[in-house]
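Chemist: Start from the sequences, fold in the hints, and give me the full structure.
This note's numbering numbers the first residue of the sequence shown as 0 and each following residue consecutively.
Rather than coming from a laboratory, the hints here were simulated on the basis of the structure. Any given hint might turn out to be false.
What the hints assert, rightly or not - In the DSS-like style, the derived pairs of lysine-lysine whose C-alpha atoms are separated by at most 30 Å in a straight line are:
{"id": "1", "residue 1": "Lys257", "residue 2": "Lys405"}
{"id": "2", "residue 1": "Lys251", "residue 2": "Lys46"}
{"id": "3", "residue 1": "Lys405", "residue 2": "Lys232"}
{"id": "4", "residue 1": "Lys13", "residue 2": "Lys27"}
{"id": "5", "residue 1": "Lys223", "residue 2": "Lys46"}
{"id": "6", "residue 1": "Lys22", "residue 2": "Lys65"}
{"id": "7", "residue 1": "Lys211", "residue 2": "Lys120"}
{"id": "8", "residue 1": "Lys27", "residue 2": "Lys68"}
{"id": "9", "residue 1": "Lys46", "residue 2": "Lys23"}
{"id": "10", "residue 1": "Lys23", "residue 2": "Lys65"}
{"id": "11", "residue 1": "Lys27", "residue 2": "Lys232"}
{"id": "12", "residue 1": "Lys22", "residue 2": "Lys36"}
{"id": "13", "residue 1": "Lys222", "residue 2": "Lys382"}
{"id": "14", "residue 1": "Lys128", "residue 2": "Lys211"}
{"id": "15", "residue 1": "Lys120", "residue 2": "Lys222"}
{"id": "16", "residue 1": "Lys23", "residue 2": "Lys68"}
{"id": "17", "residue 1": "Lys356", "residue 2": "Lys334"}
{"id": "18", "residue 1": "Lys395", "residue 2": "Lys27"}
{"id": "19", "residue 1": "Lys222", "residue 2": "Lys68"}
{"id": "20", "residue 1": "Lys257", "residue 2": "Lys280"}
{"id": "21", "residue 1": "Lys68", "residue 2": "Lys233"}
{"id": "22", "residue 1": "Lys27", "residue 2": "Lys266"}
{"id": "23", "residue 1": "Lys419", "residue 2": "Lys395"}
{"id": "24", "residue 1": "Lys334", "residue 2": "Lys46"}
{"id": "25", "residue 1": "Lys222", "residue 2": "Lys211"}
{"id": "26", "residue 1": "Lys31", "residue 2": "Lys65"}
{"id": "27", "residue 1": "Lys13", "residue 2": "Lys68"}
{"id": "28", "residue 1": "Lys339", "residue 2": "Lys382"}
{"id": "29", "residue 1": "Lys251", "residue 2": "Lys266"}
{"id": "30", "residue 1": "Lys382", "residue 2": "Lys428"}
{"id": "31", "residue 1": "Lys27", "residue 2": "Lys46"}
Stated by the list, open to error - Using C-beta positions, here's what the derived DEER-type ranges look like:
{"id": "32", "residue 1": "Ala43", "residue 2": "Lys71", "range": "19 to 25 Å"}
{"id": "33", "residue 1": "Pro41", "residue 2": "Thr350", "range": "36 to 42 Å"}
{"id": "34", "residue 1": "Ser429", "residue 2": "Ala64", "range": "27 to 33 Å"}
{"id": "35", "residue 1": "Glu216", "residue 2": "Lys349", "range": "24 to 30 Å"}
{"id": "36", "residue 1": "Ser239", "residue 2": "Asp15", "range": "45 to 51 Å"}
{"id": "37", "residue 1": "Lys395", "residue 2": "Asn77", "range": "20 to 26 Å"}
{"id": "38", "residue 1": "Glu5", "residue 2": "Ala124", "range": "45 to 51 Å"}
{"id": "39", "residue 1": "Thr44", "residue 2": "Val1", "range": "24 to 30 Å"}
{"id": "40", "residue 1": "Glu61", "residue 2": "Thr425", "range": "46 to 52 Å"}
Virtual Cβ for every residue (Gly too), placed ideally from N, Cα, C.
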Amino acid sequence: MVVDTEYYDILQIKPDATQADIKKAYRKRSVKDHPDKNPNDPNATEKFQAISQAYQVLSNEELRAKYDKHGKESAVPNEGFEDAGEYFAMIFGGEAFVSYIGELSLLKDITKSAELNEEEKEAEAKEEKLKEESKEEVKNEDDKPKKDSNTNTKPNVDDTTNTKDSNNTNKTRSNFNEKVTLRLLQHAENAEAEAESEQQGKETEPKKEKSKLEEHEEEVQRKKAESIEELSKKLIERLSVLTESEYDEDCKQAFKSKFEIEANMLKMESFGLDILHTIGKVYLTKGEIFLNSQQFLGIPGFFSSVKAKGNIVMDTFRTISTALDAQQTMQELGKLQELKASSEELIDEKTGEIIPKPTDEEIAELEKLLMGKVLNAAWHGSKYEIQSTLRDVCDKVLKDQTQNKKTQIKRAESLILLGKVFINTTRTKSEQEEAQIFEEIVAEATKKKQSK
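Modeler: Okay, here's the thing in structure tokens:
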């Protein structure tokens, strides 16, 4: 008997749910209530965090026992709750595969770059507006003295008075122009010669924003290089189990058995089987290209490389097309929701007939379809990043100039062997029945797309 069922209710499961049930429920709820899918819900982020907290407690046997017995206050992780977004990133088995593919950060980096770029554009627009306002002030002030001069001109005025008024007018204009000039120098989009002398090399705001974007991109490249370096070392360690052995058939069989055991654990992660097959294909392709390049004139290696580049182009195309497909479905859902919420009757421009309002079932069906397409697009984006990273890692390992040719060939052969182990990994019928709910949704979305 549990004293509090709130966390179970959030995940829509019973208190006697198994760990597998809890994991599936978390995945399903986190996708459905993700803030990105509910931009019009001001409470979306709060709901998403609650789902994450419920999972973090119930997926931990010790915390779950405390929660069941004493309630929420007694079931808080020692280091506090993890960020909901970071937990959601585990959807593609990223945590279990980190030592193979590193941390997937492509989508996060693109989002950050887009934000910085948008800030830069906003700053430029603001500076342009200030510049135009300053120019208008200068123009108005230039017109004002002329008008005053015409109005105050009299036939019999003392020369001294005229000189004094003229000096006052010139002084006023001089002070104003000086003020406006300083403002222009402060807000001008591009530093001109005059600005350089007044500002003494000080950067304008748009340049600072641009500098932030450049710094971010440099940081991304630096982290990528560090990741490839670390992943290369780990891959060499894995291959060394065979390359530094007697390198006979018994050793090769032992090598295969070792990684078959590991693959059978990884395949049950979210999209684990797809990730394994993706890793295996890159390993196999890179190993074969290297070995073929060692043959006569390297001609077989050349053709293998051309074929691999063709596959890269196709994968890029698939990544873009799935993203566009998800975007189109998102727009369709938005139109249906607007149509249902509208109090007015809408007329079809072509037929002149009233457009019927969509039912809750129709909207729910499209939401489910969208969920699958969003996941499908996210998977293709992740797959693209995985392949790109692994190609660089394999090149670094196979073309290591500190090793002799014999060792390089052993590494290539071992890489092919490991690739085949991953490619040939499958799920049993019972394991497939426990397939991740995300994979089922993606498969359904893909099937419907192909049937159109």
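Chemist: Could you run down the list of hints and mark each one as holding or not?
Modeler: Status of each hint after checking the structure:
As the CA atoms of Lys257 and Lys405 are separated by approximately 24 Å, the hinted pair is consistent with the 30 Å bound. With a CA separation close to 51 Å, the supplied pair Lys251 and Lys46 exceeds the 30 Å bound. Pair hint Lys405 plus Lys232 holds up; C-alpha atoms about 19 Å apart against a cutoff of 30 Å. For a cut-off of 30 Å, the pair hint linking Lys13 to Lys27 stands: about 15 Å separates their Cα positions.
Straight-line distance between C-alpha atoms of Lys223 and Lys46 comes to about 33 Å, which puts the hinted pair past the 30 Å bound. For the hint linking Lys22 to Lys65, the alpha-carbon distance of about 19 Å falls within 30 Å, and the restraint holds. Of the supplied pair hints, the one linking Lys211 and Lys120 holds, its CA atoms being roughly 13 Å apart against a limit of 30 Å. For the proposed pair Lys27 and Lys68, the alpha carbon gap of about 26 Å is at most 30 Å, so the pair holds.
Taken as a hint, the Lys46 and Lys23 pair is honoured in the structure, with Cα atoms around 17 Å apart against an allowance of 30 Å. Taking the CA atoms of Lys23 and Lys65, the gap is near 22 Å; set against the 30 Å cutoff, the hint holds. The suggested pairing of Lys27 with Lys232 is violated, with an alpha-carbon distance near 36 Å, which exceeds 30 Å. Taking the CA atoms of Lys22 and Lys36, the gap is about 20 Å. The hint holds against a cut of 30 Å.
Only pairs whose Cα atoms come within 30 Å are accepted, and Lys222 paired with Lys382 is accepted, the gap being roughly 19 Å. Distance check on the hinted pair: Lys128 and Lys211 sit about 22 Å apart at the alpha-carbon level, within 30 Å; holds. Distance restraint check for Lys120 and Lys222: the Cα-Cα separation of roughly 26 Å lies within the 30 Å cut-off, and the hinted pair is therefore satisfied. Taking the CA atoms of Lys23 and Lys68, the gap is near 24 Å; set against the 30 Å cutoff, the hint holds.
Between the alpha carbons of Lys356 and Lys334 the distance comes to roughly 11 Å, so the proposed pair stays at or under 30 Å and holds. Between the alpha carbons of Lys395 and Lys27 the distance comes to roughly 39 Å, so the proposed pair goes past 30 Å and is violated. Taking the CA atoms of Lys222 and Lys68, the gap is near 45 Å; set against the 30 Å cutoff, the hint is violated. For the proposed pair Lys257 and Lys280, the alpha carbon gap of about 19 Å is at most 30 Å, so the pair holds.
Between Lys68 and Lys233 the CA atoms are separated by roughly 43 Å; this puts the pair beyond 30 Å, and the hint is violated. Pair hint Lys27 plus Lys266 holds up; C-alpha atoms about 19 Å apart against a cutoff of 30 Å. Straight-line distance between C-alpha atoms of Lys419 and Lys395 comes to about 20 Å, which keeps the hinted pair within the 30 Å bound. Simply put, Lys334 and Lys46 have alpha-carbon atoms about 25 Å apart, close enough for the 30 Å limit, and the pair holds.
As the CA atoms of Lys222 and Lys211 are separated by approximately 16 Å, the hinted pair is consistent with the 30 Å bound. Among the hinted pairs, Lys31 with Lys65 is consistent with the structure: their alpha-carbon atoms are about 28 Å apart, no more than 30 Å. Between the alpha carbons of Lys13 and Lys68 the distance comes to roughly 16 Å, so the proposed pair stays at or under 30 Å and holds. For the hint linking Lys339 to Lys382, the alpha-carbon distance of about 37 Å lies beyond 30 Å, and the restraint is violated.
Annotation: proposed proximity of Lys251 to Lys266 holds, straight-line Cα distance about 22 Å (limit 30 Å). With a C-alpha separation of about 25 Å, the suggested pair Lys382 and Lys428 falls inside the 30 Å cut-off, and the hint holds. For the hint linking Lys27 to Lys46, the alpha-carbon distance of about 13 Å falls within 30 Å, and the restraint holds. Checked against the hint of 19 to 25 Å, the C-beta distance between Ala43 and Lys71 comes to roughly 21 Å, which is consistent with it.
Taken as a hint, the range 36 to 42 Å holds for the pair Pro41 and Thr350, whose Cβ atoms sit roughly 38 Å apart. About 29 Å separates the C-beta atoms of Ser429 and Ala64, a value consistent with the hinted range of 27 to 33 Å. For the pair Glu216 and Lys349, the supplied restraint of 24 to 30 Å is violated, since their beta-carbon distance comes to about 48 Å. Roughly 47 Å separates the CB atoms of Ser239 and Asp15, a value that falls within the hinted 45 to 51 Å.
A hinted range of 20 to 26 Å for the beta carbons of Lys395 and Asn77 is inconsistent with their spacing of about 38 Å. In this structure the hint that Glu5 and Ala124 lie 45 to 51 Å apart at CB holds, the actual value being about 47 Å. The given range of 24 to 30 Å is respected by Thr44 and Val1, whose C-beta atoms sit roughly 27 Å from each other. For Glu61 paired with Thr425, a C-beta distance near 34 Å fails the hint of 46 to 52 Å.
In summary, the numbered hints that this structure violates are 2, 5, 11, 18, 19, 21, 28, 35, 37 and 40.
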